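Novice: For reference, the chains in residue letters:
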Amino acid sequence: SQQGEEDPQALSIQEGENATMNCSYKTSINNLQWYRQNSGRGLVHLILIRSNEREKHSGRLRVTLDTSKKSSSLLITASRAADTASYFCATDANGSEKLVFGKGTKLTVNP
Amino acid sequence: NAGVTQTPKFRVLKTGQSMTLLCAQDMNHEYMYWYRQDPGMGLRLIHYSVGEGTTAKGEVPDGYNVSRLKKQNFLLGLESAAPSQTSVYFCASSAGTGRGGAEAFFGQGTRLTVV
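Quick mapping for you: the protein sequence lines, in order, are chains A and B.
Residues 634 to 744 in our numbering are what the first sequence lists, from first letter to last.
Residues 11 to 125 in our numbering are what the second sequence lists, from first letter to last.
Quick caveat, the hints were computed from the structure, so don't treat them as lab data.
Careful: at least some of the hints might be erroneous.
To be verified - 27 Å max Cα-Cα, derived DSS-like pairs, lysine-lysine:
1) A:K731 <-> B:K80
2) B:K81 <-> B:K24
3) A:K703 <-> B:K67
4) A:K731 <-> A:K659
5) A:K731 <-> B:K81
6) B:K19 <-> A:K739
7) B:K19 <-> A:K736
Everything numeric in this text was worked out from a predicted model, so none of it was measured.
Pulled out of the complex, with its shape left as it was, chain B reads as follows (with noise of 0.2 Å):
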């Protein structure tokens, strides 16, 4: 049972390039989640996602784009690349928040440096 899988594990983009971050699910989760972590300021929502074919902004959304075509993959993309999107990358999944919350399932991450 793989978890939570983000693709790819590293990356250096040139300030202007674009690419797509890939995390895949194998536990059936309806949420999927896109955080980026910069020192000092833990985790960040960037998109959401509560089923295929939904996504939402989170609190630092501008730059990023997403897609959920299949409930088992969730794309991050950046369209045009900036050295403040350098970062570590985390995908999560989970069943859901709310009153029948679950714990969210994190990837390991993708450390993205953007020059």
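The following block holds chain A by itself, in its conformation from the complex (with noise of 0.2 Å):
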């Protein structure tokens, strides 16, 4: 089974507005890792947190880690209407050689 499970499954916002999508997981993790989907193109990297941060910055994007409640979150500020994409978390779990995505939440950002 899937291990991260993002949450809501969409969000529409106005421009301008932040955008908050959460994601959990179920066993410990080594890295967290949020990705971005334009319709119909191949994933792109956002931005990566391991286990032992709490907290992660790129540009517009805020990323938390709650180990001990198994979720992270990401913040993107200030969004655009070029945000509209599908945003996904992926996790490796200790021990695994896997990369295992959730199902994603869909993000539109009107203008």
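Mind assembling these two chains? They're in different frames, but the hints should get you there.
Specialist: So this is what it looks like as structure tokens:
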């Protein structure tokens, strides 16, 4: 079964608002990553956070990781129409060589 | 620098036919993965490889075989295609998982339809 589960499944906001997506996972992990997918295209890596890190920033992106709750959040600040895409979290569990993805959150940013 | 290249980009198969999807990466990555993506299901791991000559099963391996004869190539085979294998297939490569885990790079996908 898939390790990560994103929430919500779909999110619609206005340009300029912040978007928050959550990811929950089941077992202890080494790393958690967030990816973006534009419709019909391949996935693009956004950010990787290691299990001993609690927060990471990259431009307008902020990722947090709470290993005690087995959850992560991705915040996109001051969203733009170009941020419209699906966002996926991916984890590699302790002792595993697999990189396992969740089902994704579909974000729509309305101009 | 091409990154990860998948061949072909589109294919229509008849039930029972066989085909091979090719994934090539030029980043000297040890790890390579094959995923399938279906509506509402996210990406599901089919098979993966942690180095030349090695392969392992993922979450949904039935009906597929793989080979990694060369480090840069990872082949996904369908011996007898079924309509349930209609999907978009993605290949990815990375330097690895674990404490030294790194980002994965994805190909542009292969859209396969089995009729």
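Novice: It remains to establish, for every hint, whether it holds in the given structure.
Specialist: Hint check:
1. A:K731 <-> B:K80: holds (20 Å)
2. B:K81 <-> B:K24: Violated. K81 (chain B) to K24 (chain B) sits at ~31 Å, over the 27 Å cutoff.
3. A:K703 <-> B:K67: Holds, at about 25 Å.
4. A:K731 <-> A:K659: holds (14 Å)
5. A:K731 <-> B:K81: holds (18 Å)
6. B:K19 <-> A:K739: holds (24 Å)
7. B:K19 <-> A:K736: It holds: about 23 Å lies between the C-alpha atoms, which stays within 27 Å.
The structure is inconsistent with hint 2 alone, although it conforms to all the rest.
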